[in-house]
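Kindly generate the complete structure, drawing on both the sequences and the hints.
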Amino acid sequence: MSVALETRVEATQAEGYFGNPWRRPRILQAITAGYLLWSLLPVVVAVIYSFNAGRSRIVWQGFSLRWWTDDPTDSILHDPAMRSAMTQTYKLAILTVLIAVPIGTLFAIGIDRWHGRPARGANFTMLLSFVVPEIILGVSLYILFTNLISIPLGTPAQLLGLTTFQLSYPVVIVRARLLTIGPEYEEAAMDLGAAPGQAIRRILLPLIAPAVMASVALVFADVVDDFVTVQALQAGASSETLAIKIYSASRASPTPEINAAATVMLVTTLLVVAGGLLIYRRFNRGQTVAGASDFMQI
Amino acid sequence: MQSGVWYPRWYWPSFTITGIVWLTVLFVLPAYVVLSVAFGAVDFEHFGQPVPYYAPWWWSFSTFNETLTQFYQGSAIYQAPLIRTFVYVSSASVICLVLGYAVAYFTARCTSKNKGLILVLLVAPLWISYLMRIYAWQGLLDAGGPLNVVLDPFGFGDTDFLSGLHITVILGLVYGYIPFMILPLYASLDRIQESLLEAGRDLGANGRQTFWRVTFPLSRPAILTGIVIVTLPMFGDYYTNDLLGSSKTSMFGNLISAQREFTGGSTRMASLVLILSVIVMVPMMYYLRETRRAAERGA
Amino acid sequence: MRHPKDMNRRQFLTRAGGAALAVPSLGAILAACSKPGETVSGSESPSDIPIATLENPVTLPMNRDPIAADTPPESGPLVLYNWADYIWKKKVNEFAEEWGVDVEITTFNNMEEGIQKVSNGQVEADVFVPTTNYLRRLVKDDLVQPLQKELVPNISSVWPSYSDPGPYYDVGWRYTVPYTIYTWGVAYRRDRVSDDEAASQGWDALWNNENAEAISLYDSYGDTIAVAILRNGSLEVNTGDEALITAAKDAILQTINENKARLTINGVYAKLPAGDFTVAESWSGDIVGAQWYLPKDVEWDVLGYWRPPNGQTMIGNDTLAIPTAAKNPRLAHEFINFFLDEEVGYDNFRYWNGYQPPFSSIDPERLIDDGVVPPNLPMAVVTEDMFKEDLTPYELVPEVDLLWQQAWTEIKAGA
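Chains as they are written, first to last, in numbering that gives the first Met the number 0: chain A, 0 to 297; chain B, 0 to 298; chain C, 0 to 414.
A couple of the hints might just be wrong.
[To be verified] Here are some of the chain A residues that sit facing chain B, going by a computed Cβ distance under 10 angstroms:
# : residue
1 : Leu39
2 : Thr104
3 : Phe106
4 : Asp111
5 : Val271
[Stated by the list, open to error] Pair by pair, the computed Cβ-Cβ distance ranges are:
# : chain 1 : residue 1 : chain 2 : residue 2 : range
6 : C       : Glu93     : B       : Val277    : 50 to 60 angstroms
7 : B       : Tyr31     : C       : Trp299    : 49 to 59 angstroms
8 : B       : Thr68     : C       : Asp190    : 40 to 50 angstroms
9 : A       : Gly120    : B       : Leu217    : 29 to 39 angstroms
None of these hints come from the bench; they were simulated from the model. Here a beta-carbon is modelled for each residue, glycine too, at the ideal position from N, C-alpha and C.
Here's what the structure looks like:
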């Protein structure tokens with residue numbers, strides 16, 4: 000072996016573990032493992048304790064379906080207040096998705112191609128609505144609805160508020176996707192004789208479909224989770240959502256019924272996300288472009 | 000857009016019109032109404048309902064001034080929450096950044112076998128309700144609960160973590176917002192091509208140098224995005240403190256939410272919201288300027 | 000449905016403002032643009048009603064006619080706006096079954112929140128449970144409606160003084176019927192603080208460093224500031240004296256900072272039995288109701304309640320009233336009547352609430368013998384003569400209210 004090579008080998012061996020640039024970073028590994036545990040363990044515990052036989056959420060008193068179906072007044076099956084909260088939550092989620100995603104997608108397409116000052120202004124406003132602390136939005140809308148535009152508080156107000164807050168999500172996600180697509184496909188289609196509307200419908204929309212699916216899932220999950228806006232614009236028991244129930248219960252005397260309700264929220268959201276992923280996979284079998292990364296976009 | 004196709008000038012803007020109208024009515028207009036209420040009067044005869052003055056020349060700044068002076072004059076009762084909010088948000092953001100970067104880096108660059116699984120686990124908190132996660136923590140932190148048991152050998156067996164400790168609220172904020180930091184960082188780190196790093200190494204840089212001179216600068220835009228997405232909403236957070244803290248750890252958001260129950264509270268809420276908006280605007284403008292510069296540089 | 004003539008200024012502007020966006024009409028725009036305070040058509044200035052005190056009882060003016068006695072019962076759902084955990088769901092369900100309607104319960108955590116939401120229309124309740132010191136403003140703002148007395152025959156269950164002449168705040172019981180009566184005191188765990196210790200410390204138990212990290216105060220500015228005023232030695236629980244208010248505020252801050260006292264609303268019935276708190280500011284009903292929240296292995300005799308001697312604490316009562324915006328006023332009357340029934344009210348108290356209703360049929364002396372009030376809580380029983388001697392929280396005029404709010408904001412902001 001040449002001297003240089005020998006030296007190199009010796010150097011690597013000498014430095015041992017820390018010398019190898021391709022080693023497995025143990026510290027980072029530990030940190031990541033620790034983080035994942037910290038992040039998910041409480042949720043797992045909460046889900047498990049929804050099956051607690053006793054009233055406590057930290058002291059295990061046996062397995063039971065009491066809070067799910069058995070208890071005649073305090074199980075989520077038999078508690079009308081809880082059922083109404085669940086209905087309200089999903090009602091708001093579905094309606095918000097139906098309104099926010101189309102408007103947001105159209106906005107993203109338009110803003111991507113439109114240049115000029117007013118475009119930048121519109122874009123700025125949209126981005127602003129993305130990072131503004133939710134309490135500002137909630138309180139502003141509350142003040143708006145109780146002073147100027149008399150929209151009744153409760154479901155109508157909550158719907159408008161949620162849509163406003165969620166509008167920027169589809170925009171950001173679809174826009175990110177559009178940036179990677181570019182105008183070539185539509186132009187090719189139009190060179191081949193398609194009208195602009197056709198080009199958009201048949202070329203562009205399918206291309207951005209994964210991003211749209213991702214925003215559907217994200218908006219849905221976000222609305223199910225939303226607390227500040229629905230609390231600011233609520234009008235009584237009928238417009239309370241699961242998030243509000245969890246919040247009030249955790250400041251009072253929570254029973255594992257809340258754990259059960261939260262588990263339901265968790266499962267349905269995960270189902271929706273998984274469903275979205277599956278639908279996307281089905282419709283995009285040919286595409287290998289990392290559409291899944293759209294689900295990772297914020 | 001150089002192409003052989005001609006679009007009418009109104010074509011693309013028309014796509015945005017619904018969004019623009021929506022935002023104008025439900026985002027921009029409420030901002031004006033908030034101004035009108037903050038600078039309006041209070042009807043003490045009728046449970047302190049706000050009386051908005053819509054025309055700027057009637058604006059009265061007395062209530063607003065009252066609120067503003069609470070920050071620096073006299074007993075300055077709002078000063079402590081304001082300072083606390085800044086301290087909490089910056090501490091939490093720093094922790095989010097450092098911890099989040101480590102996790103994102105590891106997932107993006109150091110795993111290949113389990114990458115998918117780890118990614119799913121990282122993304123999962125986004126889909127799980129924030130309230131549920133904090134609620135779960137509340138249970139664990141309860142006096143005499145699991146955390147006390149685990150930390151007993153370290154002397155923390157008797158600490159009531161929910162009795163208004165700063166660290167509880169800070170870590171609570173980190174817990175809630177860190178997924179929003181990890182994801183843009185991951186996305187950006189994932190995209191850095193291996194060849195760039197190898198090139199650096201071929202030129203003689205060791206691991207650490209490669210990181211600081213190649214990887215880190217390439218991930219800067221994502222760091223900025225992550226910080227903005229995490230820090231700005233945190234300024235208005237009040238429910239983390241409601242669930243994990245006490246009045247001694249109250250934040251700016253708690254000041255706003257406390258006014259809800261007072262007669263005359265709406266006007267004060269509006270003033271506080273105004274002040275918070277101004278505070279949040281500054282970093283927001285900086286962020287937008289940076290992204291525009293970056294876009295210009297990139298294009 | 001409210002008659003357009005009954006709209007106040009603010010609602011007129013709101014409607015006008017909303018209409019201006021929909022169909023711009025010159026009149027509407029002019030109305031929205033005119034500075035509030037100038038004459039706007041459609042407004043009436045309500046006549047002033049004096050603040051009621053024991054010495055000056057007030058007959059509230061009729062702001063409208065009560066509903067006709069033969070109004071057919073509506074189909075619901077009936078909306079009850081109440082404190083959290085303050086009514087027995089079983090009895091509510093019984094009412095619901097009897098009348099074939101749904102009953103929704105919306106809750107508030109403190110009185111101010113409840114008042115705010117009723118006054119701005121955020122909650123459209125059929126039955127509301129206000130404390131007495133807000134009644135005048137509710138009537139003045141046309142937020143509650145007079146009762147149709149023919150629909151509430153069960154008023155006969157109540158102490159006669161409540162119907163004839165009627166309570167000082169509502170002579171002739173035009174708008175309200177009483178729901179519960181209670182006093183203010185200190186609830187404590189008898190296994191950690193003996194009865195003698197509690198009696199000798201009195202309010203100071205809430206300031207005692209030995210109870211650090213286990214003290215609860217009510218998250219309600221009216222109650223807690225008044226208690227602090229009492230603890231500081233004054234009996235002026237409705238004071239506008241800044242010095243007294245500041246001293247009270249400082250005292251509260253002191254116990255929060257030094258003893259890590261917590262502000263809760265359910266600390267007494269939900270957390271004291273579980274041992275999270277050792278002492279707590281308490282209404283008498285909360286500690287009686289706490290027996291239902293005891294964990295399995297804890298005996299009910301750990302609960303204790305200390306009440307200052309007659310004349311040195313506050314006494315109060317909650318009322319049931321019907322908001323003007325009620326969609327089911329007939330049903331609301333029936334609901335009120337249902338809970339004034341001797342048996343229903345007694346069961347509600349005995350098996351769930353812990354709060355005594357002022358019924359003639361309930362003999363306070365026998366409550367302990369009958370096992371309704373645990374024998375370790377003798378001071379939680381409320382008798383009619385207490386009303387003559389104890390202090391009553393009155394409504395605070397806006398300027399004074401502002402001082403109290405200011406003090407409370409400072410406390411909540413955590414200096």
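Problem - Minimum beta-carbon distance criterion (10 angstroms), threonine 104 (chain A) to chain B - result: holds, 9 angstroms
Problem - Given hint leucine 39 (chain A) near chain B, where the shortest CB pair must fall under 10 angstroms - result: Given a least distance of 7 angstroms, the restraint on leucine 39 (chain A) holds.
Practice task
Can you let me know if the beta-carbon spacing of glutamate 93 (chain C) and valine 277 (chain B) is within 50 to 60 angstroms?
Solution key: holds, 55 angstroms
Exercise for the section: Using the Cβ atoms, figure out if tyrosine 31 (chain B) sits within 49 to 59 angstroms of tryptophan 299 (chain C). Expected result: holds, 58 angstroms
Exercise for the section: Starting from the range 40 to 50 angstroms, see whether the pair threonine 68 (chain B) and aspartate 190 (chain C) falls in it by beta-carbon distance. Expected result: holds, 49 angstroms
Problem - Minimum beta-carbon distance criterion (10 angstroms), aspartate 111 (chain A) to chain B - result: holds, 8 angstroms
Problem - Proposed interface contact between phenylalanine 106 (chain A) and chain B, which counts if any beta carbon pair is under 10 angstroms - result: At 3 angstroms from the nearest chain B Cβ, phenylalanine 106 (chain A) passes the 10 angstroms test, so the hint holds.
Problem - Interface hint status, valine 271 (chain A) versus chain B (Cβ within 10 angstroms) - result: This interface hint holds because 9 angstroms falls under the 10 angstroms limit.
Exercise for the section: Starting from the hint 29 to 39 angstroms, judge whether the C-beta atoms of glycine 120 (chain A) and leucine 217 (chain B) obey it. Expected result: holds, 31 angstroms
Comparing the model with each earlier hint shows no violations; every hint is respected.
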